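Taking the hints into account, I'd like the entire structure generated from these sequences.
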Amino acid sequence: MTAVGQHLSKDQLAARVARDIPAGAYVNLGIGLPTLVSDHLPAGRGITLHTENGMLGMGPAATGADVDPDLVNAGKVPVTELSGASYFHQADSFAMMRGGHIDVCVLGAFEVSVSGDLANWSTGAPDAIPAVGGAMDLAVGARDTWVMMNLLTKGGAPKLVERCALPLTGVACVSRVYSDLAVVDVGPDAGPGQHLARVVETFGVTHAELEDLLGLELGRADG
Amino acid sequence: MTRISETALEALGEIPDGSTVMIGGFGSAGQPVELIDALVEAGPTGLTVVSNNAGNGDLGLAHLVELGRIRKIVCSFPRQADSWHFDAKYRAGEIELELVPQGNLAERIRAAGAGIGAFYTPTGYGTPLAEGKETREIDGKNYVLEYPIHADVALVKAHRADTAGNLVYRKTARNFGPIMAAAARRTVVQVSEVVPAGSIDPEAVVTPGIYVDTVVAVGGSTALRQGTGEATWQEVAG
Numbered sequence: 001m002t003a004v005g006q007h008l009s010k011d012q013l014a015a016r017v018a019r020d021i022p023a024g025a026y027v028n029l030g031i032g033l034p035t036l037v038s039d040h041l042p043a044g045r046g047i048t049l050h051t052e053n054g055m056l057g058m059g060p061a062a063t064g065a066d067v068d069p070d071l072v073n074a075g076k077v078p079v080t081e082l083s084g085a086s087y088f089h090q091a092d093s094f095a096m097m098r099g100g101h102i103d104v105c106v107l108g109a110f111e112v113s114v115s116g117d118l119a120n121w122s123t124g125a126p127d128a129i130p131a132v133g134g135a136m137d138l139a140v141g142a143r144d145t146w147v148m149m150n151l152l153t154k155g156g157a158p159k160l161v162e163r164c165a166l167p168l169t170g171v172a173c174v175s176r177v178y179s180d181l182a183v184v185d186v187g188p189d190a191g192p193g194q195h196l197a198r199v200v201e202t203f204g205v206t207h208a209e210l211e212d213l214l215g216l217e218l219g220r221a222d223g
Numbered sequence: 001m002t003r004i005s006e007t008a009l010e011a012l013g014e015i016p017d018g019s020t021v022m023i024g025g026f027g028s029a030g031q032p033v034e035l036i037d038a039l040v041e042a043g044p045t046g047l048t049v050v051s052n053n054a055g056n057g058d059l060g061l062a063h064l065v066e067l068g069r070i071r072k073i074v075c076s077f078p079r080q081a082d083s084w085h086f087d088a089k090y091r092a093g094e095i096e097l098e099l100v101p102q103g104n105l106a107e108r109i110r111a112a113g114a115g116i117g118a119f120y121t122p123t124g125y126g127t128p129l130a131e132g133k134e135t136r137e138i139d140g141k142n143y144v145l146e147y148p149i150h151a152d153v154a155l156v157k158a159h160r161a162d163t164a165g166n167l168v169y170r171k172t173a174r175n176f177g178p179i180m181a182a183a184a185r186r187t188v189v190q191v192s193e194v195v196p197a198g199s200i201d202p203e204a205v206v207t208p209g210i211y212v213d214t215v216v217a218v219g220g221s222t223a224l225r226q227g228t229g230e231a232t233w234q235e236v237a238g
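First to last, the sequence lines map onto chains A and B.
For the record, in the first sequence the residue sitting at position 222 is 222 according to the UniProt record's numbering, with numbers rising by one throughout.
For the record, in the second sequence the residue sitting at position 114 is 114 according to the UniProt record's numbering, with numbers rising by one throughout.
Please keep in mind that the hints were generated in silico from the structure rather than gathered at the bench.
You can trust all of the hints, since none of them are fake.
Which stretches of chain B does chain A cover? Using the computed rule of at least three CB atoms under 8 Å from a CB of chain A, they are:
| id | region |
| --- | --- |
| 1 | 99-107 |
| 2 | 119-131 |
| 3 | 167-173 |
It should be emphasised that the depicted structure is a prediction, and the values quoted were computed from it without experimental measurement.
Every residue gets a Cβ at the ideal spot worked out from N, C-alpha and C, and that includes glycine.
See below:
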């Protein structure tokens with residue numbers, strides 16, 4: 001096993017994800033790590049944030065006198081509205097998602113498989129109280145679903161795997177994984193004879209070291 | 001015809017034991033706390049509650065859970081940092097949980113109000129929450145068959161109502177209000193203020209009065225707006 005250096009910090013990772021969000025996109029950022037992406041979206045790119053509890057044009061977290069109990073994000077954190085914002089009910093909000101109108105959804109994950117399966121709602125612990133929220137709708141709804149996560153657990157186990165062991169959130173729904181060690185395309189869109197997982201970029205590890213860490217054979221996205 | 005009630009308890013009306021009650025809100029935003037307090041006071045038990053969450057902290061829905069009035073809850077996200085009353089009931093086996101992905105919950109409620117018999121949705125396909133459900137491949141994509149959720153009564157919080165029952169909401173507190181209002185056989189709405197019919201721009205109405213049976217103003221602004229003098233706090237035509 002190779003010692004890993006120069007991996008991306010959470011903020012660097014958020015900036016890396018933000019760089020790939022196209023100008024003018026409608027974007028949903030999941031709870032947790034993906035929320036950091038909003039800090040790195042440059043003004044003037046015309047990117048509109050969707051929050052599935054019923055709003056487009058969500059602004060930054062609210063503080064002080066701006067806190068309004070009627071204006072929260074999907075994590076129930078008070079937020080602000082930007083010029084041009086709109087509100088809508090839950091069925092419209094998820095129709096917007098499910099109907100493919102949201103360009104990009106960025107989600108956290110416990111596990112992602114090379115075929116793009118996502119597990120991010122349940123740890124599978126038998127005594128846990130289950131809760132799913134909008135996770136399954138977000139996973140399958142957007143035109144592109146990206147995952148943002150650390151590539152290994154705290155114990156060093158890979159989170160990009162051949163097959164998810166945890167209960168699934170969605171099947172073949174993730175197209176790209178952004179992690180502290182690498183950006184990897186996943187899913188069935190690979191051409192004939194290609195690996196399902198194709199490395200786009202690595203951070204502080206070589207391609208071979210990455211394969212060793214994950215115990216997977218990886219292709220290259222550009223070939 | 002929409003009735004305007006003087007108190008939340010009067011607005012609530014008769015809710016028998018074992019009723020299915022939809023309760024609006026996403027966490028605290030849009031939760032009709034005064035109507036839930038009235039439901040606690042009215043005392044029905046063995047309820048099936050349909051709501052996105054299973055109560056936060058100690059008030060409103062959480063209090064209803066704590067008192068053991070709910071037999072079954074249908075929701076998407078029961079477990080939260082402050083859902084201790086639900087957690088205790090669930091672990092004690094005293095409340096049944098039907099966990100539904102949030103968008104499926106919304107669409108099942110919408111379908112009930114729209115007279116749809118069932119629908120195919122991609123959400124949940126291949127996951128534990130679709131186990132045992134009918135599936136179908138349509139144009140190369142896999143879907144799960146989901147059925148509507150009906151209710152005996154919906155408790156909804158809106159911002160403002162007119163005396164015709166037309167509603168407008170406030171920001172993300174809208175959430176489940178409009179679809180629950182349509183899905184239940186009887187809809188009771190609490191608002192910050194009731195204004196005379198005609199005071200809300202018809203183009204701006206979010207929930208038309210046809211879906212609203214009873215309205216009650218709660219909180220600090222129970223007085224009708226001054227000006228037209230045409231509306232009163234009496235019931236409007238029954």
